[in-house]
Amino acid sequence: EKTRRALNTDIRDLFKDEGRLVDDEFLGELFAKLIRTDMGAGPAEELRDDVAKRFRGRKVGLDEVLESITAQTQAMLRQDAAPLNLAGKPSVILVVGVNGSGKTTSIGKLSHYLTSHGKKIVLGAGDTFRAAAVEQLTIWSQRIGCDIVTGKQGADPASVAFQTVDKAIETGADVAIIDTAGRLQTQSNLMQELDKIRRVVGKKVEDAPHEVLLVLDATAGQNAISQAKGFSDAAGCTGIILAKLDGSARGGVILPIRRQFELPVKFVGLGESIEDIAEFDADSFATALFAD
Amino acid sequence: MFDSLSDGLQSAFKSLRGKGKLTEGNMREGLEIVQRSLLEADVSYPVVQEFMGHVSERALGKKVLLSLRPEQELVRIVHDELVSILGPVDPSIHLKKDGATIIMLCGLQGSGKTTTCGKLAQLLIEQKIKPTLVAADLQRPAAIEQLKVIGEQLGVPVYSETDNKNPVQVCKNGVAKAEAEGSRVVILDTAGRLAIDEELMAELARIDKKVGPDQVYLVVDGMTGQDAVNSADAFNKSLELDGVVMTKLDGDARGGALLSVKHVTGVPIKFIGTGEHFDALEPFRPEGMAGRILQMGDIVAAAAEAHRIVDEKE
Ligand SMILES: Nc1nc2c(ncn2[C@@H]2O[C@H](COP(=O)(O)OP(=O)(O)OP(=O)(O)O)[C@@H](O)[C@H]2O)c(=O)[nH]1
Ligand SMILES: Nc1nc2c(ncn2[C@@H]2O[C@H](COP(=O)(O)OP(=O)(O)OP(=O)(O)O)[C@@H](O)[C@H]2O)c(=O)[nH]1
Ligand SMILES: [Mg+2]
Ligand SMILES: [Mg+2]
Chain U
1 EKTRRALNTD
11 IRDLFKDEGR
21 LVDDEFLGEL
31 FAKLIRTDMG
41 AGPAEELRDD
51 VAKRFRGRKV
61 GLDEVLESIT
71 AQTQAMLRQD
81 AAPLNLAGKP
91 SVILVVGVNG
101 SGKTTSIGKL
111 SHYLTSHGKK
121 IVLGAGDTFR
131 AAAVEQLTIW
141 SQRIGCDIVT
151 GKQGADPASV
161 AFQTVDKAIE
171 TGADVAIIDT
181 AGRLQTQSNL
191 MQELDKIRRV
201 VGKKVEDAPH
211 EVLLVLDATA
221 GQNAISQAKG
231 FSDAAGCTGI
241 ILAKLDGSAR
251 GGVILPIRRQ
261 FELPVKFVGL
271 GESIEDIAEF
281 DADSFATALF
291 AD
Chain C
1 MFDSLSDGLQ
11 SAFKSLRGKG
21 KLTEGNMREG
31 LEIVQRSLLE
41 ADVSYPVVQE
51 FMGHVSERAL
61 GKKVLLSLRP
71 EQELVRIVHD
81 ELVSILGPVD
91 PSIHLKKDGA
101 TIIMLCGLQG
111 SGKTTTCGKL
121 AQLLIEQKIK
131 PTLVAADLQR
141 PAAIEQLKVI
151 GEQLGVPVYS
161 ETDNKNPVQV
171 CKNGVAKAEA
181 EGSRVVILDT
191 AGRLAIDEEL
201 MAELARIDKK
211 VGPDQVYLVV
221 DGMTGQDAVN
231 SADAFNKSLE
241 LDGVVMTKLD
251 GDARGGALLS
261 VKHVTGVPIK
271 FIGTGEHFDA
281 LEPFRPEGMA
291 GRILQMGDIV
301 AAAAEAHRIV
311 DEKE
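So the protein sequences, as listed, match chains U and C. Here the first sequence stands for residues 1 to 292, where the numbers follow our numbering. Here the second sequence stands for residues 1 to 314, where the numbers follow our numbering.
Bear in mind the hints are in silico, worked out from the structure with no lab data behind them. All figures in this text were calculated on a predicted structure; none of them were measured in a lab. Heads up, the beta-carbon is just placed ideally off N, CA and C, and yes, glycines get one too. Careful, some of the hints might be misleading.
Every beta carbon over 10 Å from chain U, so not counted as near; a handful from chain C, in silico [said to hold, decoys possible]:
| id | residue |
| --- | --- |
| 1 | Glu24 |
| 2 | Ala142 |
| 3 | Met201 |
| 4 | Met223 |
Calculated lysine-lysine pairs in the DSS-like style (CA-CA distance at most 27 Å, straight line) [what the hints assert, rightly or not]:
| id | chain 1 | residue 1 | chain 2 | residue 2 |
| --- | --- | --- | --- | --- |
| 5 | C | Lys237 | U | Lys33 |
| 6 | C | Lys165 | C | Lys209 |
| 7 | C | Lys237 | C | Lys96 |
| 8 | U | Lys119 | U | Lys203 |
| 9 | U | Lys204 | U | Lys89 |
| 10 | C | Lys209 | U | Lys152 |
Per the computed footprint, the stretches of chain U lying under chain C, defined by three or more beta-carbons under 8 Å from a beta-carbon of chain C, are [to be verified]:
| id | segment |
| --- | --- |
| 11 | 27 to 40 |
| 12 | 88 to 102 |
| 13 | 183 to 195 |
| 14 | 217 to 225 |
Okay, chain U solo, but in the shape it has when bound (with noise of 0.2 Å):
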């Protein structure tokens, strides 16, 4: 098998005079590539040093090196399809995140979504800290047509989350989709807070919160890791959703978080409007990864 793909590029070497020695220059400049998705320094270097590997010294084009990267980074990426729980009768889905990530946004998107698959979605306003979040997620809520629970500024989030829970198993809801405030992993009372509301929904109902979907911004380096590691360790997620992923940042963070944590990405927002949500899918992803 090996020794016939080497016959074969070698081969196809002979017909292409355009191809790239593979030298220390050429792969500074596959290095740099690889970087600028956010990768990180040690996936880069390992994706790197295996090109340099095989192909050393012999000639091939960038674009090819990186088609098979790009084929590396899929098998990486492939995970076992992961749909949203929503077993639960409400189901019960925490956001979690922090500051700015696009959570509240996230929530609109993905009710809509659910909304179109004909669920009944009941929105819970837990972040009841930050100037005028709850009447953001209440003109969300209005553009989705279903019901929000809200608290008044200062409130205990728990108690919100509590109210959704209620308001979803009264109003025979499908899905219960609770808001939090913006935090940073190393807020420990914040994170602590977090767990209080996996306590108060999970009494409320048998195995809630049914999902904890941790959003991250695309744009974010290598502190994505640090994120995915203090929410999962604090709120026991279950699921990414990679926000933002429609400007010039590639997200390539999820590839070292994909390989430290049990964590499948399951959406990825496009945008600001209701319909910028999609399943993620690694293959695209990774095609657009290393795309100019």
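Fit chain C with the ligands to the supplied structure of chain U, relying on the hints for placement.
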């Protein structure tokens, strides 16, 4: 792998302890470790490369003090270079002598613009100046409401229009009203936008042209990765920035994107945001930031101490 960068560096320079000069050969491994550290801190790759070039130039041929270990000398050079690139320091809001000074905040979605409006207002209030805030984000749901709440909490006026869909007009009207009322400072809160969103970037340029803010600050999320070079460059090209504010540095992000932003824009870094409350705004200090990005504080401190002792002896 080494437990810490310091261990890695010490090992890289084992053979060189306490003698001779820094040469290309003996620095290579150490430079690689520094480079990797900067990448892990999210400094953009092209910026890292250029930076490492400067550092090795400065370090080449440098005699290593007898009392100093070579890795200490190298890290000292790296640290000094970081400090000098991140500077100069200018953490004040320049106010015009007459008339209202207009400050415009811009940046990517969710970077912290609206919150920073509140923080700047608080800073001005402490200087006995009552600014007017203008709600020019007509995109994000409840953005106007958010700024109104902030204005109420701080006791400063917020100008907004409910039905106007044109942020250029809102800004013009807001500035006119604030000036008529004798406000000395007007702060424009603009909508978050992607640097590749040509339409919205053009809109920002129109505000810049028609309203003529005196100070335009780019608000950058401290957790930003490699893309910082692209977005900062795009904002700077559309607008000619006057300053940068980096937010969310109260967590464990190393904030290397700041080096990228500084590199491509060249404008001074004004403040850093260290929390969600209005008082969580600090004047920017290059030394602190260099230490945070590099995370080799122990080596930097040891090197400084060794130099101090040598200086004293001489
Ligand atoms: N371009 C783009 N913008 C997004 C996306 N998701 C969210 N945003 C924008 O990012 C900004 C922050 O989004 P929010 O949903 O308020 O983020 P959050 O995590 O709830 O923020 P906090 O509650 O303050 O922590 C808003 O301007 C959103 O419109 C996305 O997928 N693409
Ligand atoms: N921890 C921390 N949070 C911050 C800081 N600055 C802003 N935030 C939070 O970040 C989130 C987003 O802040 P906003 O001020 O709404 O950001 P924005 O840039 O106006 O967002 P858009 O208008 O949607 O583009 C909010 O939850 C803020 O409380 C900071 O320095 N530290
Ligand atoms: Mg929110
Ligand atoms: Mg805003």
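Here is how each hint holds up against the structure:
Non-interface status of Glu24(C) relative to chain U is upheld: no Cβ of that chain comes within 10 Å, the nearest being about 15 Å off. With a least beta-carbon separation of about 4 Å from chain U, Ala142(C) fails to lie farther than 10 Å from that chain, contradicting its non-interface assignment. The Cβ of Met201(C) sits about 12 Å from the closest Cβ of chain U, beyond the 10 Å cut-off, so the non-interface label holds. At roughly 4 Å from the closest C-beta of chain U, the C-beta of Met223(C) falls inside 10 Å, breaking its exclusion from the interface.
Taking the CA atoms of Lys237(C) and Lys33(U), the gap is near 24 Å; set against the 27 Å cutoff, the hint holds. Only pairs whose Cα atoms come within 27 Å are accepted, and Lys165(C) paired with Lys209(C) is accepted, the gap being roughly 18 Å. Proposed proximity of Lys237(C) and Lys96(C) is supported: the alpha carbons are some 25 Å apart, at most 27 Å. This hinted pair checks out: Lys119(U) and Lys203(U) have alpha carbons roughly 23 Å apart, not beyond 27 Å.
A distance of roughly 11 Å separates the Cα atoms of Lys204(U) and Lys89(U); the hinted pair therefore holds under the 27 Å criterion. Taking the CA atoms of Lys209(C) and Lys152(U), the gap is near 41 Å; set against the 27 Å cutoff, the hint is violated. Figure legend: the segment 27 to 40 of chain U, annotated as covered by chain C; annotation consistent (7 residues with Cβ-Cβ distances under 8 Å, at least 3 required). As drawn, the segment 88 to 102 of chain U meets chain C at 5 residues by the rule of a beta-carbon pair under 8 Å; at three or more, the given contact holds.
Residue count for the segment 183 to 195 of chain U with a Cβ under 8 Å from a Cβ of chain C: 4. That meets the three needed, and the coverage hint holds. By the rule of at least three residues with a Cβ nearer than 8 Å to a Cβ of chain C, the coverage given for the segment 217 to 225 of chain U holds, with 7 such residues.
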